[in-house]
Each structure stands twice: as C-alpha cells, then as structure tokens.
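2 protein chains.
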Amino acid sequence: MIEDKNQERTPLSHLGEFALIEHLTKNFKINHTSTIKGIGDDAAVLNFKDKKVVVSTDLLVESVHFDLSYMPLKHLGYKAVVVNLSDVYAMNATPTQITVSIAVSNRFPLEALEDLYAGIETATQIYNIDLIGGDTTSSNTGLLISITAIGEVEDQKIVYRNGAKPNDLLVVTGDLGAAYMGLQVLEREKEVFKVNPNSQPDLEPYTYIVERQLKPEARKDIIKLLEELNVTPTSMIDISDGLSSEIIHLCKQSQVGCDLYEEKIPLDPAVISVCEEFKIDSTTVALNGGEDYELLFTISQEDYPKIKANPNFTVIGFMKEAETGMHLVTRAESRIPLKAQGWKNFNN
Amino acid sequence: MIEDKNQERTPLSHLGEFALIEHLTKNFKINHTSTIKGIGDDAAVLNFKDKKVVVSTDLLVESVHFDLSYMPLKHLGYKAVVVNLSDVYAMNATPTQITVSIAVSNRFPLEALEDLYAGIETATQIYNIDLIGGDTTSSNTGLLISITAIGEVEDQKIVYRNGAKPNDLLVVTGDLGAAYMGLQVLEREKEVFKVNPNSQPDLEPYTYIVERQLKPEARKDIIKLLEELNVTPTSMIDISDGLSSEIIHLCKQSQVGCDLYEEKIPLDPAVISVCEEFKIDSTTVALNGGEDYELLFTISQEDYPKIKANPNFTVIGFMKEAETGMHLVTRAESRIPLKAQGWKNFNN
Numbered sequence: 000m001i002e003d004k005n006q007e008r009t010p011l012s013h014l015g016e017f018a019l020i021e022h023l024t025k026n027f028k029i030n031h032t033s034t035i036k037g038i039g040d041d042a043a044v045l046n047f048k049d050k051k052v053v054v055s056t057d058l059l060v061e062s063v064h065f066d067l068s069y070m071p072l073k074h075l076g077y078k079a080v081v082v083n084l085s086d087v088y089a090m091n092a093t094p095t096q097i098t099v100s101i102a103v104s105n106r107f108p109l110e111a112l113e114d115l116y117a118g119i120e121t122a123t124q125i126y127n128i129d130l131i132g133g134d135t136t137s138s139n140t141g142l143l144i145s146i147t148a149i150g151e152v153e154d155q156k157i158v159y160r161n162g163a164k165p166n167d168l169l170v171v172t173g174d175l176g177a178a179y180m181g182l183q184v185l186e187r188e189k190e191v192f193k194v195n196p197n198s199q200p201d202l203e204p205y206t207y208i209v210e211r212q213l214k215p216e217a218r219k220d221i222i223k224l225l226e227e228l229n230v231t232p233t234s235m236i237d238i239s240d241g242l243s244s245e246i247i248h249l250c251k252q253s254q255v256g257c258d259l260y261e262e263k264i265p266l267d268p269a270v271i272s273v274c275e276e277f278k279i280d281s282t283t284v285a286l287n288g289g290e291d292y293e294l295l296f297t298i299s300q301e302d303y304p305k306i307k308a309n310p311n312f313t314v315i316g317f318m319k320e321a322e323t324g325m326h327l328v329t330r331a332e333s334r335i336p337l338k339a340q341g342w343k344n345f346n347n
Numbered sequence: 000m001i002e003d004k005n006q007e008r009t010p011l012s013h014l015g016e017f018a019l020i021e022h023l024t025k026n027f028k029i030n031h032t033s034t035i036k037g038i039g040d041d042a043a044v045l046n047f048k049d050k051k052v053v054v055s056t057d058l059l060v061e062s063v064h065f066d067l068s069y070m071p072l073k074h075l076g077y078k079a080v081v082v083n084l085s086d087v088y089a090m091n092a093t094p095t096q097i098t099v100s101i102a103v104s105n106r107f108p109l110e111a112l113e114d115l116y117a118g119i120e121t122a123t124q125i126y127n128i129d130l131i132g133g134d135t136t137s138s139n140t141g142l143l144i145s146i147t148a149i150g151e152v153e154d155q156k157i158v159y160r161n162g163a164k165p166n167d168l169l170v171v172t173g174d175l176g177a178a179y180m181g182l183q184v185l186e187r188e189k190e191v192f193k194v195n196p197n198s199q200p201d202l203e204p205y206t207y208i209v210e211r212q213l214k215p216e217a218r219k220d221i222i223k224l225l226e227e228l229n230v231t232p233t234s235m236i237d238i239s240d241g242l243s244s245e246i247i248h249l250c251k252q253s254q255v256g257c258d259l260y261e262e263k264i265p266l267d268p269a270v271i272s273v274c275e276e277f278k279i280d281s282t283t284v285a286l287n288g289g290e291d292y293e294l295l296f297t298i299s300q301e302d303y304p305k306i307k308a309n310p311n312f313t314v315i316g317f318m319k320e321a322e323t324g325m326h327l328v329t330r331a332e333s334r335i336p337l338k339a340q341g342w343k344n345f346n347n
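As they're listed, the protein sequences go chains A and B.
For the first sequence, numbering that gives the first Met the number 0 begins at 0 and goes up steadily by one.
For the second sequence, numbering that gives the first Met the number 0 begins at 0 and goes up steadily by one.
Keep in mind the hints are simulated off the structure, nothing from the lab.
Please note: incorrect hints may appear among the correct ones.
One copy or two, it doesn't matter: identical chains are merged, so the pair holds either way.
As a list, the in silico DSS-like pairs of lysine-lysine whose alpha-carbon atoms are at most 27 Å apart [as the list claims (entries may be wrong)]:
1. LYS50 - LYS156
2. LYS48 - LYS156
3. LYS338 - LYS25
4. LYS25 - LYS251
5. LYS28 - LYS251
6. LYS189 - LYS319
7. LYS278 - LYS164
8. LYS28 - LYS50
9. LYS48 - LYS219
Chain A on its own, in the form it takes in the complex (with noise of 0.2 Å):
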C-alpha cells in the first residue's frame, strides 16, 4: 500500500555490527546535561544529581504489535520512542534518555533501517531526548524493537497508580479510541489491496484517525500544563490498553471503586462516524480499543477548578469507595461493571 520509492538496497551484510550502528547513529545528538557519555562504551554514564529517576521498557514485534504493509518504518521509529515515553509522563516525570536495541532479518536492507533510525531521531528532537545505547542484531523472522526510556522528576511530583481516594474526580486527555479505529481503516484497505492491488485507497476522510494509529503522540504537553496549573494527580496512568483496563489498575492499586460517565467518555467526530461505518459501538472501542497514549488521572476534588476550563481535560467520573466496585454508568443510567478486555496475544 504505502510504496517504498527508495530503490537503494543495501545487504546489512556488507556492514559490520559496529559500522552499523555507528552508521545509524551519526546524526544523533546529545542535548541533556544529564548525559555524561552517549553510545561509545559498555555503557552510558548520566548524572541526575538529587532527581528520582525513571525506567519503563516496551517490546514491539513485527505481525504482533505493527504490521509494516502499512506502517511506514519511519513512523514505526518514531511510534516505538513516543510509547515509551508516554509511560514515563505517566510518572508525571520528563524523559531524558533512551536505548534502542533492534533485532531485524536480512529481508531488510540497510535503507530500510535508516527510515526506522529517521523516524526514532525525529522523535528524540519533538521530545529532546538523548539515544544513549541500543544492540543491533539479526533475527530470523522480521523486526523486533526493544526500548527503554528513562527519565526524571522531582521526588515530590511523582505521580504512582496507588495514590486515588473515594471522592477523587477520574479525569482523562483528548479524546479515545481514534487509534483503534484507523488500525480497523488501514486492515480494511489492506484487504482490499490483496484482491486488487491497483487500487488506490482514499483515506482522506480518515485523515484523524490513521494519524493516530500511525503517528501517535505522548501527551509533554500535559505535565508541563499540568505543573503551570499547580496541579498534582493523585493517581495516574497512560491509556495503551484501553481506557477500561486502565481505570481498573488505578482502581486496584488505590484500592478504590469507580463510576464512569458513558457520556462523558470524549471521542472525536470522526470515530464516531467510522464507528458507525463499521457498525461498532463507540462506547466499545473507547473503553477496549487502547493505543491512545493519552493520559487517565485522578485530581481531588479542591483542584477542579483548576481544570475545568481546559479543554485539554475530560471529567469522565469519580472514585468511589472499594466495596461498591468499577461501573460503567450508561447513557441509560444501568451500572455495568467495568471488565478488562485482557490480552490477546497469545491467542492467536
């Protein structure tokens, strides 16, 4: 579908291990203070003086969690960093560093990973981040990308998924299930390519959407509106699983029970008319659909003022004490307990 016009092939074999990443990582540069020594030695050196650091790491496999008939590897590069990072503003903590190891078979030529490598930069730049480290080597299937991200904060900003009390307002960022739906977009138009590969899909009209499957983006911008606020979540989480899975953490971790307003769970236009074409639930999708990396947090209810006026944020509910359970609230007004719609993978 998306047509690689580069006709360069270069075999990975004519490149040595260290060749090769040297090559990759030419053009990186190191901007934190807190970056003593980058890539070059058994390992990096950096300095957080008195700030708490912060560690999380993803896995992304090929046919698992991307499939590159229509992920660009630009956009994989640059996808793979932003999920990484959005754990660490998770913490309400500023990434700093990342390593990036990548196993690949030698169906990829070297202009292959150079896209990955173009598109991991560009997101090391939007994020000002430093690539401190990685291992490069072969597999042989397809491509396995491995990061890990690290970050700093302030001891007392830190922000755990144990910290909501009863009472505490469940407040969530942008708008859900807009991800999901351009995944459900492009796996359509990927099937009618395979019957008729002359076609060309037109997802003008799904331009949000697949946006936000192909090009996510972890939400900087919250934690520093956030601390401008003067705003401390007391609990927080990203929504990679879904926003029910994820409600259901905060809530066991905090020991609390919930009501979710169906009606105030945001979802952009646009997914509410594909979810109409696909004749899908909204409701569904937002709740289960998952890779929105936008933010789910809960504030007390003294700091609503302080919020209510940005449109950045989203009261979708409040915590309840543990013994009544997590409910969805219908538009209907039924209470349906909230499920995690779990994990797939090794379902195939």
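Based on these hints, arrange chain B on the given structure of chain A.
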C-alpha cells in the same frame, strides 16, 4: 540432548499479560535502597542520590545467540543477565537493577518461562540486583530476550574505554577461549545426537569449557578487588567479542597503539587440550572466540606492584603511541597486525 523432565505444559494463552508477568516475577525481591518502586506502575522509580548512573542493554535472539537444543532455559536466563552485568562492571560500576523483556512464541509452555525466570532470579540473587520492570509479548517464531542493566558508580571511579596512555600495561582477568571451545563441543555433540538420538554424550572431560559457555559469570569480584588494591584502571572493557576486537576498541578510543604478547595470553589447560583435539590454534580462539566475559583493562606502570602477585590478573602487553599500530607479538617474535574478526550475524 538435555532432556526436559518437566511433563507439565500450560499454554501461555491460559494467562493474560498481567497475570503472566505477575506469576513469573512473584518470587523476586527488592533489595536495593535505590529502588523506590519496582514492577507494577508505568515505570520504575530509582534514587541514586549523588552517584552516577550507568546503563547498558543487550538483545539475545534464539538461533543467533543461543541454541535451545543444548542451552537449558534456566542457564539461558542466568547468562542473559550476566552478559549485561558484565558491561556495567566494565565501567568499574556496581549493577543495581535490571529490566527484562521477552518475546516468546506459543511453542513455549508456561513451565519453560518459569525455568527461564528461575535462572534470571538466581542471577539477581548472586549479583544482588533488583528486577524492576520489563515487557512480555508473543513472537511468531522463537524466543528473544532484551535486558537493560542499570548500575551506580562514584564519579571519580568511572572507567571509560578511552583513558589508556602509551606505556600503560594491558591486563586481562581469568583465562580466555574456554566459552568458544565449549560451544564447539556442544555443537559437535548436537550433530552426533542428530545422527543417533540414543547417544548419551560424555561431557565430563569438557566440564570447565562447557560451563564457561552455558553458565558464564561476570567479574563482580574484580571490581571489589581493584578497589581493595586501590587500583583504578586507565581504561576498561569486557571481553564479549574476543580479545582482539576488544583491544582494538581500547586502542582506537584511547588513540594509542599496542603490543600484545602471544605467550602471555592466559589459557586454561582444558582449552589447550580441546584445541589440539579440534585442531584449532588456541591463540586464534583466545583472540577471536568471544563470550569470555573477562575484564580487559590498562593500568599505569606505577600500579604494577599492586597487581603483580595476584592470580586473577595477567599482564599481556602494553600500550604504545598510536602511530606504531596494534600488533600481536608471536612466540616466534614476529609482529602481526591485530584484526577484529568482525561481526558475522548478518552473513548467515
């Protein structure tokens, strides 16, 4: 060859992602005061106070870095951790935390992952490190392990690769080539097994070299010993790719040359004997074999009295001006330029 006596096979699909991680990591304990928050939030939180932070990462891929037909999963888990810790020790630092991510295909039952994590746990206990995070996902083919090791070190103790000076002595710990010859023995037995599956290999004469391959150790003791001897190396690296390649790294990054004396290269008698059996030159094995995980470092000559009586250390050469080049001085006193064997993974 190594029979799996465990007849239980629980499909991974019986557990969700969170249940799987929880199950596999439930025995791990947090020991370090620098670990404020381990597994269970969006990211781990660490506190290194005024110490510097060291970060290293490695990716191990089935059929590229290990062969499960003779590598028991418990040993693999242990080795995967040790390989990473070795990089941290090579900075003269103390490893404190690791993250472990694995991608695994459906052909592995839960019991196999339990074995893998049992090995990881043993390593965390022996080396006194905390498991603070990771990711578990499915893969379409084999097993892949990505580990990031984090350590701490006082500013003035950090040893880089680039500090060697002309006339510094080149020192190596332990002995070299055993892990590579252990691999040759295991590969040979695998071929025998293919032809005659009833054959029981007698690995007894090869105990030392097979153990060096299957269960290597990182030189934690050397970091402690160097401190006790009050020796801070001028440069240091661990030997993962072979002595020759690592010497070249030290020389290039330090902008010096080197004379390496063939007769000084430490070899275990078992290595010499098996090299004769395989008709391989033992110097070639020591230079290019790799996976020794010994430490290679340089010290200024005035520190020589502090290390000379110690059986852990062998002086194998000395550094020179860069213009003189990097040479192996053979037993016959001819000078051969050192070459890095390079990286063969992509040449399959």
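Check each numbered hint from earlier against the structure, then list the numbers of those it violates in ascending order.
-> 6 and 7
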